[in-house]
Amino acid sequence: MIKKKKTTKQIIAAVEAVLKEFEPMFTEHVGGAELVAVESDSIILRLVGNCQGCGMAGGHFGVEMEEKIKKRLPQIKEITYTY
Numbered sequence: 001m002i003k004k005k006k007t008t009k010q011i012i013a014a015v016e017a018v019l020k021e022f023e024p025m026f027t028e029h030v031g032g033a034e035l036v037a038v039e040s041d042s043i044i045l046r047l048v049g050n051c052q053g054c055g056m057a058g059g060h061f062g063v064e065m066e067e068k069i070k071k072r073l074p075q076i077k078e079i080t081y082t083y
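Residue numbers for the sequence shown follow the working numbering, so the first one is 1 and each next one is one higher.
Some hints could be false.
Once the Cα atoms are required to be at most 27 Å apart in a straight line, the calculated DSS-like pairs of lysine-lysine come out as [claimed, not checked]:
| # | residue 1 | residue 2 |
| --- | --- | --- |
| 1 | K71 | K6 |
| 2 | K20 | K68 |
| 3 | K70 | K9 |
| 4 | K4 | K68 |
| 5 | K9 | K68 |
| 6 | K6 | K70 |
Hints listed in this document are in silico derivations from the structure and should not be mistaken for laboratory results. Keep in mind the model is a prediction, meaning the values are calculated, not measured.
Turn these sequences into a full structure, and let the hints guide you.
Given below as structure tokens:
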């Protein structure tokens, strides 16, 4: 069975759901992340607040967040960050 790729609207909803799961951690660190762009197989996230420019942001929770996004959206191969 061939799985149909998710639409942009479905990708946005799935990414926003994952970001919402991480909201308590973002709040604790006085920061956050928001979805900036969706392409066919990649997304761009903007780190905000204290997460912006923090060297720990990628390692601290970024890996877990990326894993959750890619698990829910197998078509997403790349996640990049902007500030």
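Hint check:
1. K71 - K6: holds (13 Å)
2. K20 - K68: holds (12 Å)
3. K70 - K9: Between K70 and K9 the Cα gap is close to 16 Å, so the pair holds against 27 Å.
4. K4 - K68: holds (19 Å)
5. K9 - K68: holds (18 Å)
6. K6 - K70: Distance ~12 Å between K6 and K70 Cα, so the pair holds.
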